[in-house]
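Here are the chains, one letter per residue:
2 protein chains.
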Amino acid sequence: MKARVHITLKNGVLDPQGKAIQHALGSLGFDGVDDVRQGKYIELDLSTTDKAAAEANVEEMCKKLLANMVIENYSIEIE
Amino acid sequence: MKARVHITLKNGVLDPQGKAIQHALGSLGFDGVDDVRQGKYIELDLSTTDKAAAEANVEEMCKKLLANMVIENYSIEIE
Numbered sequence: 000m001k002a003r004v005h006i007t008l009k010n011g012v013l014d015p016q017g018k019a020i021q022h023a024l025g026s027l028g029f030d031g032v033d034d035v036r037q038g039k040y041i042e043l044d045l046s047t048t049d050k051a052a053a054e055a056n057v058e059e060m061c062k063k064l065l066a067n068m069v070i071e072n073y074s075i076e077i078e
Numbered sequence: 000m001k002a003r004v005h006i007t008l009k010n011g012v013l014d015p016q017g018k019a020i021q022h023a024l025g026s027l028g029f030d031g032v033d034d035v036r037q038g039k040y041i042e043l044d045l046s047t048t049d050k051a052a053a054e055a056n057v058e059e060m061c062k063k064l065l066a067n068m069v070i071e072n073y074s075i076e077i078e
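Residue numbers (numbering that gives the first Met the number 0), protein chains in the order written: chain H, 0 to 78; chain Y, 0 to 78.
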């Protein structure tokens, strides 16, 4: 069973990495880029076949390790 | 118009960051995690309203800046 986790900075939290990308795109001649936000994308291969258990498990992983809950949001897709 | 870009390591490319996460999850007591791969997730706010042009533009950005085509794949969603 595969879990896909997106970890993004909360709104209002400064994203220097995103700003760096935005400026770099500008200097490469890409116009019309109003904002860039960079997040993390994590793919987990889980040995369980129980979708609900997998989702609960991955949520726990996000809270304990993957995401910094003070400044980051996470979203989980299980398939 | 919003573009979401996923940048992932190609199959076969070593992912030390993913391995580190996998080991950390193991030491926290999360069993049954067979593999972890970490990628990047980039959200772009584009001022254009032409979906086809936006997609072509973002593809160009991936090739020129966002992804390292030697070791990384990218996928683009426009909405």
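Among the hints, erroneous ones may be present.
Since the list gives no way to pick one copy over another, a pair counts as held whenever it fits inside one copy or between any two copies.
[Unchecked claim] In silico DSSO-like pairs for lysine-lysine, Cα to Cα no more than 30 Å straight-line:
| # | residue 1 | residue 2 |
| --- | --- | --- |
| 1 | Lys-18 | Lys-50 |
| 2 | Lys-39 | Lys-9 |
| 3 | Lys-62 | Lys-1 |
If you're looking for bench data, these hints aren't it; they were derived computationally from the structure.
Quantities reported herein were computed from a predicted structural model and do not represent experimental measurements.
A quick look at each hint next to the structure:
1. Lys-18 to Lys-50: Classified as between; 23 Å across copies, 37 Å inside a copy.
2. Lys-39 to Lys-9: both (13 Å within a copy, 16 Å between copies)
3. Lys-62 to Lys-1: For Lys-62 and Lys-1, the Cα distance is within 30 Å both inside one copy (18 Å) and across copies (28 Å).
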